[in-house]
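Student: The residues making up each chain are set out below.
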Amino acid sequence: GNSVTQMEGPVTLSEEAFLTINCTYTATGYPSLFWYVQYPGEGLQLLLKATKADDKGSNKGFEATYRKETTSFHLEKGSVQVSDSAVYFCALSENYGGSQGNLIFGKGTKLSVKP
Amino acid sequence: DVKVTQSSRYLVKRTGEKVFLECVQDMDHENMFWYRQDPGLGLRLIYFSYDVKMKEKGDIPEGYSVSREKKERFSLILESASTNQTSMYLCASRTGAGNTIYFGEGSWLTVV
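Going down the list, the sequences are from chains A and B. So the first sequence is residues 74 to 188, counted in the working numbering. So the second sequence is residues -16 to 95, counted in the working numbering.
Simulated from the structure, these hints should not be mistaken for laboratory data. Any given hint might turn out to be false.
With a cut-off of at most 30 Å between alpha-carbon atoms, the simulated DSSO-like pairs for lysine-lysine come out as follows [said to hold, decoys possible]:
| id | chain 1 | residue 1 | chain 2 | residue 2 |
| --- | --- | --- | --- | --- |
| 1 | A | Lys180 | B | Lys38 |
| 2 | B | Lys1 | B | Lys54 |
| 3 | B | Lys(-14) | A | Lys133 |
| 4 | A | Lys183 | B | Lys40 |
| 5 | B | Lys(-14) | A | Lys125 |
| 6 | B | Lys(-14) | A | Lys122 |
With beta-carbon atoms standing in for the labels, derived distance ranges [as the list claims (entries may be wrong)]:
| id | chain 1 | residue 1 | chain 2 | residue 2 | range |
| --- | --- | --- | --- | --- | --- |
| 7 | A | Tyr103 | B | Thr78 | 11 to 21 Å |
| 8 | A | Pro113 | B | Thr66 | 19 to 29 Å |
| 9 | A | Leu86 | B | Pro44 | 16 to 26 Å |
| 10 | B | Gly46 | A | Asp127 | 21 to 31 Å |
Beta carbons: idealized from backbone N, C-alpha and C, even for Gly.
Make the full structure from the sequences, and use the hints.
Tutor: Shown next as structure tokens:
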């Protein structure tokens, strides 16, 4: 079945450090891939997405590239800020000829950024 | 902007009580979802609905039921709450053909 594996946290970085959160997936077809972010006490917000191989999603300085050959969608940011402290979820959704399957989530990675 | 509203942010209920968690979306989305979120387990799908009066079991439906009488509203029901249902519950919605799911802010339920 489909699954998402992301690196376990917590991840603690100093402000302006480089961030990578690894995400790999298993899927039978050609899924869409997502990163969601959850700030403390809030629900999940879509951070970025990519719908086909080699697509790069980007938002708020974060980037992730859909790599079909390595079945990966790693999240990166060149310089993190304290305000980036949150839990990050990688997810996939299968495409079924124009309709979408349910989202399958990784377990989340907690990021703490210290001043 | 899409708005998914969960009526209760924080609830405390007693074991055996019947609990209703309400969710409303304002974008005419066909699909709606209920997840629970627990530390170390991520998000797990409880139930989803592709349209009015339709419902499908997710990965962990035991102990829960749902109701979708109107397109904009999707209710999660705990018929007899138990302490292992203490969790954060997240409602979400999506268009039928869309691939972006929008989440509410979550409902923290404590069962004592």
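Student: Are the hints correct? Go through all of them and say.
Tutor: Here is what the structure says about each hint:
1. Lys180/A - Lys38/B: Roughly 25 Å between the alpha carbons, so the hint for lysine 180/A and lysine 38/B holds.
2. Lys1/B - Lys54/B: holds (23 Å)
3. Lys(-14)/B - Lys133/A: It holds: about 21 Å lies between the C-alpha atoms, which stays within 30 Å.
4. Lys183/A - Lys40/B: Distance ~29 Å between lysine 183/A and lysine 40/B Cα, so the pair holds.
5. Lys(-14)/B - Lys125/A: Holds, because 27 Å separates the two Cα atoms, which is no more than 30 Å.
6. Lys(-14)/B - Lys122/A: Holds: lysine -14/B and lysine 122/A sit about 20 Å apart, inside 30 Å.
7. Tyr103/A - Thr78/B: 11 to 21 Å: holds (20 Å)
8. Pro113/A - Thr66/B: 19 to 29 Å: 24 Å Cβ-Cβ, so the 19 to 29 Å window holds.
9. Leu86/A - Pro44/B: 16 to 26 Å: About 39 Å separates the Cβ atoms of leucine 86/A and proline 44/B, which means 16 to 26 Å is violated.
10. Gly46/B - Asp127/A: 21 to 31 Å: Violated: the Cβ-Cβ distance is about 43 Å, outside 21 to 31 Å.
In terms of the numbered hints stated before, the structure departs from hints 9, 10, listed from lowest to highest.
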